[in-house]
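J.: Construct the entire structure; sequences and hints are all you get.
Residue numbers (my numbering), protein chains in the order written: chain A, 67 to 448; chain B, 134 to 591; chain C, 4 to 82.
Keep in mind that a hint or two might mislead.
To be verified - Chain A stretches covered by chain C per the calculated footprint, using a threshold of three residues with CB under 8 Å from any CB of chain C:
id	region
1	140-152
2	290-299
What the hints assert, rightly or not - Straight-line Cα separation of at most 20 Å, SDA-like style, residue types lysine to any residue; simulated pairs:
id	chain 1	residue 1	chain 2	residue 2
3	C	LYS27	C	ARG73
4	A	LYS300	C	ASP40
5	B	LYS515	A	SER333
6	A	LYS372	C	LYS27
7	C	LYS27	B	VAL294
8	A	LYS94	A	SER242
9	A	LYS300	A	SER371
10	A	LYS430	A	SER242
11	A	LYS372	B	LYS332
12	B	LYS379	B	ARG355
13	A	LYS430	A	GLU90
14	B	LYS323	B	SER488
15	A	LYS372	C	THR58
16	A	LYS300	A	ARG262
17	A	LYS300	C	VAL11
18	A	LYS300	C	LYS35
19	B	LYS332	B	MET343
20	A	LYS372	B	GLN589
21	A	LYS372	B	ASP226
22	A	LYS361	B	GLN584
23	A	LYS229	A	THR331
24	A	LYS372	B	LYS515
25	A	LYS361	B	VAL294
26	B	LYS379	B	ARG275
27	B	LYS299	C	LYS27
28	A	LYS300	C	THR58
29	B	LYS299	B	PHE331
30	B	LYS515	B	ARG570
31	B	LYS338	B	SER402
32	A	LYS372	B	SER582
Think of the hints as simulated: they come from the structure by calculation, not from any bench. Quick reminder that beta carbons are idealized off the backbone N, C-alpha and C, glycines included.
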Amino acid sequence: MKTADVVVIGAGVVGSSCALIMAEAGLKVIVVDRGPIAGGTTGAGEGNIMVSDKEIVPEIQLAVRSRNAWFEIADRIGNNFELQAKGGIALSRTDAGMAGLRALASHQNAHGIETIEVDGARLRELEPHMNPEIETAIHYPGDGQCQPMLSAAYFLRTVRHLKGEVWQRTEVLGFSKDKDGSIIGVRTSKEEISTRYVVNATGTWAGDIARLAGSELSIMPRRGFILVTTPAPKLIHHKVYDADYVANVASDSPELQSSAVVEGTESGTILIGASRERIGFDSRINMAALERLAKQAISVFPVLSKLELLRVYRGFRPYSPDHLPVIGEDANVKGLFHCAGHEGAGIGTAPGSGEILTAMILGKPTFMDATPFLPKRFQGVA
Amino acid sequence: MSRTIIVGGGPAGMSAAVEIARAGGDAIIIDSNPRLGGQYWRHGPVAEFSYDGERFVALQAEINNHPSIEVRASTQVWRASYQDGVATLWLNDGTSLTGETLLIATGAYDRSLPFPGWDLPGSMTAGGAQAILKASGALLGRSVFVAGTGPFLLPVAASLVEAGVKVLGVLEANRVNGWVNHLGAVDVRKMKDAVRYFKILSAAKVPIRMGYAIIEARGDGRIEEVVIAKVDRNFTVKPGTVEVHKCDAIATGWGFTPDLTIAHSLGVSTDVHPIDRSVVIHVDAFQETSQYGIFAAGESTGVGGVDLALIEGRIAGIAIAVQRGLISTVEAKNRSVGLASERSKIRKFANALLSVYKIREGWRSWLNPETILCRCEEVTFKQVRNVVHDLGASDVRTAKLLSRCGMGMCQARVCGRMVADVIGAEIGAPATDDELRGIHNRPIAHPISLQTLADQGQ
Amino acid sequence: MRIYLNGVEVEATENESVGTFLLKRRQQVLRKTRFNDQPRGMFCGIGVCFDCIVTIDGIANQRACITQLRDGMRIEVTS
Ligand SMILES: Cc1cc2nc3c(=O)[nH]c(=O)nc-3n(C[C@H](O)[C@H](O)[C@H](O)COP(=O)(O)OP(=O)(O)OC[C@H]3O[C@@H](n4cnc5c(N)ncnc54)[C@H](O)[C@@H]3O)c2cc1C
Ligand SMILES: Cc1cc2nc3c(=O)[nH]c(=O)nc-3n(C[C@H](O)[C@H](O)[C@H](O)COP(=O)(O)OP(=O)(O)OC[C@H]3O[C@@H](n4cnc5c(N)ncnc54)[C@H](O)[C@@H]3O)c2cc1C
Ligand code: FES
Chain A
67 MKTADVVVIG AGVVGSSCAL IMAEAGLKVI VVDRGPIAGG TTGAGEGNIM VSDKEIVPEI
127 QLAVRSRNAW FEIADRIGNN FELQAKGGIA LSRTDAGMAG LRALASHQNA HGIETIEVDG
187 ARLRELEPHM NPEIETAIHY PGDGQCQPML SAAYFLRTVR HLKGEVWQRT EVLGFSKDKD
247 GSIIGVRTSK EEISTRYVVN ATGTWAGDIA RLAGSELSIM PRRGFILVTT PAPKLIHHKV
307 YDADYVANVA SDSPELQSSA VVEGTESGTI LIGASRERIG FDSRINMAAL ERLAKQAISV
367 FPVLSKLELL RVYRGFRPYS PDHLPVIGED ANVKGLFHCA GHEGAGIGTA PGSGEILTAM
427 ILGKPTFMDA TPFLPKRFQG VA
Chain B
134 MSRTIIVGGG PAGMSAAVEI ARAGGDAIII DSNPRLGGQY WRHGPVAEFS YDGERFVALQ
194 AEINNHPSIE VRASTQVWRA SYQDGVATLW LNDGTSLTGE TLLIATGAYD RSLPFPGWDL
254 PGSMTAGGAQ AILKASGALL GRSVFVAGTG PFLLPVAASL VEAGVKVLGV LEANRVNGWV
314 NHLGAVDVRK MKDAVRYFKI LSAAKVPIRM GYAIIEARGD GRIEEVVIAK VDRNFTVKPG
374 TVEVHKCDAI ATGWGFTPDL TIAHSLGVST DVHPIDRSVV IHVDAFQETS QYGIFAAGES
434 TGVGGVDLAL IEGRIAGIAI AVQRGLISTV EAKNRSVGLA SERSKIRKFA NALLSVYKIR
494 EGWRSWLNPE TILCRCEEVT FKQVRNVVHD LGASDVRTAK LLSRCGMGMC QARVCGRMVA
554 DVIGAEIGAP ATDDELRGIH NRPIAHPISL QTLADQGQ
Chain C
4 MRIYLNGVEV EATENESVGT FLLKRRQQVL RKTRFNDQPR GMFCGIGVCF DCIVTIDGIA
64 NQRACITQLR DGMRIEVTS
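T.: The structure is reproduced here in structure tokens:
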């Protein structure tokens, strides 16, 4: 039988971050995914590493550490995944909106996020093509960006170099437990792996794995569309979004929500996100979402009216009932650790999540108080 | 809602429209070209045909004379959907159309194979060379090679000769003998065509070389010379047969790829063709797809040429008239006499041609590590190999997303199939049917102005 | 009919695509590629390959082969 220190289920950005950090810590890791690498939500995400949209303290702490961890990983394994500290700009065109942004900025500032309020002249320097009617905004130099699929692929490449293994197209069929109910193995469609630790990094599908192990976890999909334009010379330099976006993230309304989040990519295309809808795994294109995103983006950057839509990405963000990720050991099954439900921030916060989980498995202190992320907040202990 | 929407005004779409109008129905034809005729009748505004113009003129006249047929030219369908029995099309002029009956007649485009230098200016597809010549008399070059595989190379070379181009050679990678005789068995017209092409080419002393291929094109900023070589039955270069020739352009064609973009968006079932593994729309005897009210005709149901497109279009038009209650099934039978048997005869022949002019695997030996596979994103053979062997991509989609191969503006229309074959070979397992289908998944069929999109929501 | 080619006024004929018009003027190269700065011209001739893209009336990435010339049209090509 194969043996591993840890089996990570899920080869998305979250699973591959966990695997990388564990392998670097000297653990023998096997990553198992029923599909190819980064074939889930990670292949549909935008790659923003954002500190600017975080409001709740634990979320801010996770995002700030993760952001730095991203750059440290790039130093260690090489930046083959288009990581860059491009900076973000949050704007609002209403006084109330701006007041809200300022309040958020000072709260974030108190927790270690760099924020700079900029006036129209400075804004034009940062973004020459921005609508001249926009006269003030908050600049977040700390926001970054990466190419999520390449990131996951390069993390896993390093895991393989550290004697780990990546099993693609391998279904997890069940778990073996000892008489105390602790995990001692993972049964897969290939072969059984003997292990004491399992990381459930299956994103939107994390509830299925929890059930398979005899527990429960509520992770649901929230649909999002991103518009991709035809390639253009560099027009947009930061990731630019308006304040409504932050309001949307925290909102509980299932109907369509959207506000422009506009940014350029290395390859020249411009990404316009992001709509949010809670309507299950419905993969059909919602024209209203596309129209609204186009309109909102043009209102921030009128120059976009001269570009064309080339592609649409569609993905399902994994979210938990309180919109915080679930990181930590299952309350019912010993040895089963969840790392899922990162919603619209899983790319940005993957490395920090991996660090927390690795520390937990090794019995070391975590860099922050991870209590708010523990699965037991949703799990009645059996 | 009662009128039939026809996507594609080529031979298939035109002949269907005429049948629908004859039965008293309404139809609207959408085509991105400024004029009807599709890829075959790609003539200028004043119909000047070197050959076979009569059938077009007759069809066009009948379409013009039927007020119940509307033609919307220079208009592209950028998105399509089918829900609850209703098809919706979004057009690049910002409008949309809905209907319960729709005909997919989107035709096909050239299938291409890469080789070093195929991206140099002066390198065109065989169909492209023919299209610009027919449409406006433009010449791709002065001295050219025509190469690839398939019977289509001959008319292309013949038209170029007639237009005054010096054709230095027709290189047919497969070794084919006596196919003119096969043609005769099917259709006298085809037989006459072929004889005519051979006459033109032999009068101009154009060498036709079987078992030869262009394996490289070179030049500083444009094509200046080509490397040609003899290839074996698997398309692998035979050592010691390499020749270098000066020329200023090349036209290469490897058959056609049915255009399934709109079909895919409408969710119709597709087949993977047993001979060349091209993805084609699955239709029944009445040319109806798996979706009620959605019909398909012409090359998008499988490459078969203009005559098959015309017949399938007629059968579809008549079936649509029956489904819409315009004519009885008895009347439909009267109108369809001989069509079904003619269709199966040509289809059989088309399949025979596909077998003879198959693309053989050895073409990959022409590639070198720096050869561009994806023209749009400039992704090389080496980069594709790298995502498979170094990054662990184990399927077509992942290799594409990690390498950007096929992520450019053409949305993998040009490289999709060929890259799937390359990746299949690198992984050691050929692309699955569903992976081949996935190549045609383009929810946004053609780029659409963001402003037009934004205004649509008003 | 007149059009502007890289800002220069030129005489043009009706019923012609931008691509064939330029080819007849021996303008085979229509653009340089984004990453490697390589020259490209028309390839498929029918709007499929997007190799012939030029800027037309300020809108980038327009296919020269399927865009018909219009009076007063402004075309930018890179060669
Ligand atoms: C439109 C959109 C835009 C986004 N933009 C951003 C952004 O800019 N920044 C950001 O930080 N986040 C963004 N996100 C969110 C981000 O993409 C996700 O939070 C993140 O990708 C989740 O990663 P994951 O590894 O948890 O899940 P996934 O990438 O979905 O990985 C889960 C993996 O588990 C595998 N799996 C599932 N079930 C099983 C099983 N039973 N057995 C084996 N394997 C299984 C799947 O095959 C999959 O590969 C965006 C999301 C969307 C939809
Ligand atoms: C470039 C080229 C040149 C060819 N030249 C010849 C030739 O000289 N001789 C010969 O025998 N055969 C030629 N062929 C083969 C040709 O496929 C058939 O002969 C014949 O034209 C097929 O008819 P059809 O009606 O099925 O499709 P087509 O004639 O291809 O017609 C399909 C039409 O659909 C339109 N269309 C597709 N998608 C959309 C959309 N999304 N929105 C709007 N319109 C759309 C296209 O513009 C096209 O006009 C050529 C093929 C190509 C690709
Ligand atoms: S030449 Fe291919 S799109 Fe114009």
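J.: Against each hint, give a clear statement of whether it holds in the structure.
T.: How the hints compare with the structure:
Beta-carbon proximity to chain C at under 8 Å applies to 0 residues in the region 140-152 of chain A; the threshold of 3 is not reached and the given coverage is violated. Residues of the region 290-299 of chain A lying with their CB closer than 8 Å to a CB of chain C number 3, which satisfies the three-residue condition for coverage. At most 20 Å may separate the alpha-carbon atoms for a hinted pair to count; LYS27/C and ARG73/C meet this at roughly 17 Å. Simply put, LYS300/A and ASP40/C have alpha-carbon atoms about 16 Å apart, close enough for the 20 Å limit, and the pair holds.
Restraint check: the Cα-Cα separation between LYS515/B and SER333/A comes to about 19 Å, which is no more than 20 Å; the hinted pair holds. Taken as a hint, the LYS372/A and LYS27/C pair is broken in the structure, with Cα atoms around 28 Å apart against an allowance of 20 Å. For a cut-off of 20 Å, the pair hint linking LYS27/C to VAL294/B stands: about 17 Å separates their Cα positions. For a cut-off of 20 Å, the pair hint linking LYS94/A to SER242/A stands: about 19 Å separates their Cα positions.
For the hint pairing LYS300/A with SER371/A, the CA-to-CA distance comes to about 15 Å; that is within 20 Å, so the pair holds. The straight-line distance between the Cα atoms of LYS430/A and SER242/A is roughly 26 Å, outside the 20 Å bound, and the hint therefore fails. Between LYS372/A and LYS332/B the CA atoms are separated by roughly 51 Å; this puts the pair beyond 20 Å, and the hint is violated. With a CA separation close to 12 Å, the supplied pair LYS379/B and ARG355/B stays within the 20 Å bound.
A hinted pair counts as satisfied when its Cα atoms are at most 20 Å apart, and LYS430/A with GLU90/A qualifies at roughly 15 Å. Only pairs whose Cα atoms come within 20 Å are accepted, and LYS323/B paired with SER488/B is accepted, the gap being roughly 18 Å. Of the supplied pair hints, the one linking LYS372/A and THR58/C holds, its CA atoms being roughly 10 Å apart against a limit of 20 Å. Pair hint LYS300/A plus ARG262/A does not hold up; C-alpha atoms about 50 Å apart against a cutoff of 20 Å.
Our distance criterion of 20 Å between C-alpha atoms is broken by LYS300/A and VAL11/C, whose separation comes to about 26 Å. Taken as a hint, the LYS300/A and LYS35/C pair is honoured in the structure, with Cα atoms around 16 Å apart against an allowance of 20 Å. Taking the CA atoms of LYS332/B and MET343/B, the gap is about 17 Å. The hint holds against a cut of 20 Å. Restraint check for LYS372/A and GLN589/B: satisfied, since their Cα atoms lie roughly 16 Å apart, inside the 20 Å limit.
Of the supplied pair hints, the one linking LYS372/A and ASP226/B holds, its CA atoms being roughly 15 Å apart against a limit of 20 Å. In summary, the hint linking LYS361/A to GLN584/B is supported, as the alpha carbons are separated by about 7 Å, within the 20 Å threshold. Proximity of LYS229/A to THR331/A is assessed by CA-CA distance (about 33 Å); at most 20 Å being required, the pair is judged violated. Restraint check: the Cα-Cα separation between LYS372/A and LYS515/B comes to about 35 Å, which exceeds 20 Å; the hinted pair is violated.
Between the alpha carbons of LYS361/A and VAL294/B the distance comes to roughly 52 Å, so the proposed pair goes past 20 Å and is violated. The hinted pair formed by LYS379/B and ARG275/B meets the criterion: a straight-line CA distance of about 11 Å does not exceed 20 Å. Restraint check for LYS299/B and LYS27/C: the C-alpha separation of about 17 Å stays at or below 20 Å, so the hint holds. Between LYS300/A and THR58/C the CA atoms are separated by roughly 16 Å; this keeps the pair inside 20 Å, and the hint holds.
Simply put, LYS299/B and PHE331/B have alpha-carbon atoms about 16 Å apart, close enough for the 20 Å limit, and the pair holds. Restraint check for LYS515/B and ARG570/B: the C-alpha separation of about 25 Å exceeds 20 Å, so the hint is violated. Straight-line distance between C-alpha atoms of LYS338/B and SER402/B comes to about 47 Å, which puts the hinted pair past the 20 Å bound. As the CA atoms of LYS372/A and SER582/B are separated by approximately 7 Å, the hinted pair is consistent with the 20 Å bound.
Figure legend: structure checked against the earlier numbered hints; hints not met, in rising order: 1, 6, 10, 11, 16, 17, 23, 24, 25, 30 and 31.
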